[in-house]
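Q: What follows is the residue order along each chain.
2 protein chains.
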Amino acid sequence: MRAEILDKFGKQVRDARLQRGLSQEELAEKAELHRTYIGMIERGEKNITLINIGKIAKALAIAIDELLKDIN
Amino acid sequence: MRAEILDKFGKQVRDARLQRGLSQEELAEKAELHRTYIGMIERGEKNITLINIGKIAKALAIAIDELLKDIN
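Protein chains in written order, with this note's numbering: chain A, 14 to 85; chain B, 14 to 85.
Among these hints, one or two may not hold up.
Since the list gives no way to pick out one identical chain from another, each pair is judged satisfied if it fits inside one copy or across any two copies.
Keeping only pairs whose Cα atoms sit at most 25 Å apart, straight-line, the calculated SDA-like set for lysine to any residue is [as the list claims (entries may be wrong)]: (1) K43 x N85; (2) K43 x Q25; (3) K21 x R33.
The set of hints was computed from the structure by calculation and includes no laboratory data.
Taking the hints into account, I'd like the entire structure generated from these sequences.
A: Quick look at the structure:
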């Protein structure tokens with residue numbers, strides 16, 4: 014599954030995660046998602062659902078619309 | 014599949030669609046999605062994916078983050 018929108022979202026998640034000094038493992042634990050899933054999201058390999066977007070945003074303590082800024 | 018985040022998103026899609034005077038059918042056609050799928054999204058019955066969020070936002074001519082404002 015390759016799509017520009019997924020690549021852009023993955024980069025936003027990665028940037029926000031690194032800004033908060035979190036490893037993929039730590040983010041996965043906070044978001045109650047699997048570490049490999051976080052890796053796939055960051056590489057744009059997964060067409061993430063809205064519920065999981067919500068979990069990741071909450072774990073990063075960032076608003077969903079902030080996490081999706083300039084993703085169009 | 015019931016979740017507050019899906020209900021909120023469904024309402025935002027519905028409001029934006031009605032503001033633009035579009036029927037579910039017309040939005041579905043523009044977004045290249047099925048009409049019943051649009052109905053399910055607006056009722057919060059579907060855990061929509063990011064690619065389909067992108068399709069609906071584009072069809073409504075609205076930024077994705079705008080469509081997801083205050084959805085946390």
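Q: Are any of the numbered hints broken by this structure? If so, which, sorted upward?
A: No hint contradicted; all consistent.
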